[in-house]
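K.L.:
Produce the entire structure from the sequences given, and follow the hints as far as they go.
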Amino acid sequence: EAGVVQSPRYKIIEKKQPVAFWCNPISGHNTLYWYLQNLGQGPELLIRYENEEAVDDSQLPKDRFSAERLKGVDSTLKIQPAELGDSAVYLCASSATFWNEQFFGPGTRLTVL
Amino acid sequence: DAKTTQPPSMDCAEGRAANLPCNHSTISGNEYVYWYRQIHSQGPQYIIHGLKNNETNEMASLIITEDRKSSTLILPHATLRDTAVYYCIVDPGNTGKLIFGQGTTLQVKP
Chain L
818 EAGVVQSPRY KIIEKKQPVA FWCNPISGHN TLYWYLQNLG QGPELLIRYE
868 NEEAVDDSQL PKDRFSAERL KGVDSTLKIQ PAELGDSAVY LCASSATFWN
918 EQFFGPGTRL TVL
Chain Y
206 DAKTTQPPSM DCAEGRAANL PCNHSTISGN EYVYWYRQIH SQGPQYIIHG
256 LKNNETNEMA SLIITEDRKS STLILPHATL RDTAVYYCIV DPGNTGKLIF
306 GQGTTLQVKP
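Top line first, the protein sequences correspond to chains L and Y.
FYI, in my numbering the residues of the first sequence are 818 to 930.
FYI, in my numbering the residues of the second sequence are 206 to 315.
For the record, the hints were derived by calculation from the structure and aren't laboratory data.
Misleading hints may appear alongside valid ones.
For each label pair, taking beta carbons as the anchor points, the in silico distance ranges come out as [as the list claims (entries may be wrong)]:
1) Glu271/Y to Thr928/L: 43 to 51 Å
2) Ser246/Y to Gly845/L: 23 to 31 Å
3) Asp891/L to Ser246/Y: 19 to 27 Å
4) Gln834/L to Asp272/Y: 24 to 32 Å
Lysine-lysine pairs mimicking DSBU-like chemistry, simulated, CA-CA at most 35 Å apart [stated by the list, open to error]:
5) Lys302/Y to Lys879/L
6) Lys832/L to Lys895/L
7) Lys895/L to Lys208/Y
For each residue, glycine too, the CB sits at the ideal point set by N, CA and C.
P.N.:
Take a look at the structure:
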């Protein structure tokens, strides 16, 4: 069974440019999460989806970050415009339901110059 | 929300048991304890979770004290591939909202 797929794995952009990350969760998983991980820190939740509904986006900086999960499957996280402080690893995870264990993708490492 | 305290780093000899402690003295009666690990340059990986009773699976054992204020993750025969950051997490209200702390960096040495 395929795990959580993320692309791209690495992205380098200049500040003020837009960037988007894509996530394909494990088939059948209703819950999808986006996390941000700064160097040397644990992951921090940005947003959680139950099917296509964002049920917890309290930690998402909505002035520049946006996310969507069309048809309750794949998800895209976007940053526009990117700032130097956005350099981090962006992790996607999925679970069958919100109380089940989460399965993480390999992450996208973003570098903003 | 219940917070967890873990030692920042630990060493373990290859083939020996690795015992990783976690303190969660403010845990509520219905909150689960989860353990995840993160190998360098990979996403976190679920290991095990428990409520009151000790739990065991193919990866590890979880020992939770009777008062539930602390727990220990046991890797029975550590290998070099177990070198990783181990996170002990209490799910606040069993919402699935994992709050990762700094974790314990386990270095398994030959």
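K.L.:
Hints first: check each against the structure and report whether it holds.
P.N.:
Status of each hint after checking the structure:
| no. | hint | in the structure |
| --- | --- | --- |
| 1 | Glu271/Y to Thr928/L: 43 to 51 Å | holds (48 Å) |
| 2 | Ser246/Y to Gly845/L: 23 to 31 Å | holds (27 Å) |
| 3 | Asp891/L to Ser246/Y: 19 to 27 Å | holds (24 Å) |
| 4 | Gln834/L to Asp272/Y: 24 to 32 Å | violated (53 Å) |
| 5 | Lys302/Y to Lys879/L | holds (19 Å) |
| 6 | Lys832/L to Lys895/L | holds (14 Å) |
| 7 | Lys895/L to Lys208/Y | holds (31 Å) |
In terms of the numbered hints stated before, the structure departs from hint 4 and from no other.
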